[in-house]
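Residue-level listing of the chains:
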Amino acid sequence: GENVEQHPSTLSVQEGDSAVIKCTYSDSASNYFPWYKQELGKGPQLIIDIRSNVGEKKDQRIAVTLNKTAKHFSLHITETQPEDSAVYFCAASTPNSGYALNFGKGTSLLVTP
Amino acid sequence: NAGVTQTPKFQVLKTGQSMTLQCAQDMNHEYMSWYRQDPGMGLRLIHYSVGAGITDQGEVPNGYNVSRSTTEDFPLRLLSAAPSQTSVYFCASSYSSHSGTEAFFGQGTRLTVV
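Which chain is which? The protein sequence lines are A and B, in order. If you want the working numbering, it's the position in the first sequence, counting the first as 1, plus 8. If you want the working numbering, it's the position in the second sequence, counting the first as 1, plus 10.
Worth flagging that the hints you see were computed from the coordinates, not collected in a lab. These numbers come from a predicted model, not from an experiment. In this text, a Cβ means the ideal position worked out from N, Cα and C, and glycines have one as well. Take these hints with a grain of salt, some might be off.
[What the hints assert, rightly or not] Listed next, with one range per pair, are the computed distances between beta-carbon atoms:
#  : chain 1 : residue 1 : chain 2 : residue 2 : range
1  : A       : R59       : B       : A12       : 26 to 34 Å
2  : B       : K24       : A       : N61       : 48 to 56 Å
3  : A       : P90       : B       : S77       : 42 to 50 Å
4  : A       : T86       : B       : R87       : 28 to 36 Å
5  : B       : G13       : A       : R59       : 21 to 29 Å
6  : A       : K50       : B       : P93       : 19 to 27 Å
7  : A       : V62       : B       : K24       : 46 to 54 Å
8  : B       : V124      : A       : Q89       : 20 to 28 Å
9  : A       : P103      : B       : D36       : 22 to 30 Å
10 : A       : P90       : B       : V124      : 36 to 44 Å
Please construct the entire structure, taking both the sequences and the accompanying hints into account.
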């Protein structure tokens, strides 16, 4: 089955700095890669996603890059703000499993003022 | 439009008891799935369904049963609860797609087995 590795497990940055979270996947059939943000006591919420036919996608301060050959993808948050503090999860999925998600173990991001 | 609704929010069970975690969505999504979240382990897929009458196992299916008799509902059954099943359980749903779409998550059920 799919194996998703995520690094780092914790990340502390100062407000205004950039944060980068990296993930690798193992199944070459995976073609959908979403990123979720989870705040304490809540369910995960999608912040950005990328499909295998695209190498990069940007939405305001958030961007994701995908390298299919190397089987890795990354989340970039620029100009971080304290409200960006949360746990972030990457995931990979395939059409064969109804796009059920295989998650990384998460990155706890802390943005200090 | 309530989205994905999970009940109950909290539950304490004794070892060996059975229970059903309920999940309902009102978005007419074909795909639904169940995950468990444990500290340091992320979210792990238990079972998923691509439509009414169709279910399949995920990464950690042992000890759990599911069925999908309607598009809206996807209950998760614990037949004989064990302390190892203490976890937070999330249900999610999404549209069917050839290229992947956003999964919407419920608020979770926190289960403790003593």
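Now for the hints, and whether the structure bears them out:
A/R59 and B/A12 have their C-beta atoms about 29 Å apart, which keeps the hinted 26 to 34 Å range intact. Taking the beta carbon of each, B/K24 and A/N61 are about 51 Å apart, inside 48 to 56 Å as hinted. Separated by about 44 Å at the C-beta atoms, A/P90 and B/S77 satisfy the suggested range of 42 to 50 Å. As the Cβ distance of A/T86 to B/R87 is approximately 45 Å, the hint placing it in 28 to 36 Å is violated.
At about 24 Å, the CB distance of B/G13 to A/R59 agrees with the hint of 21 to 29 Å. Checked against the given bound of 19 to 27 Å, the beta carbons of A/K50 and B/P93, roughly 25 Å apart, stay inside it. For the hinted restraint 46 to 54 Å between A/V62 and B/K24, the CB-CB distance of approximately 50 Å keeps it satisfied. Checked against the given bound of 20 to 28 Å, the beta carbons of B/V124 and A/Q89, roughly 41 Å apart, lie outside it.
Between A/P103 and B/D36 the C-beta distance comes to about 25 Å, which sits within the given range of 22 to 30 Å. Separation of A/P90 from B/V124 is about 38 Å and conforms to the stated range, judged on CB atoms against 36 to 44 Å.
Hint compliance for this structure: hints 4, 8 are broken, all remaining hints hold.
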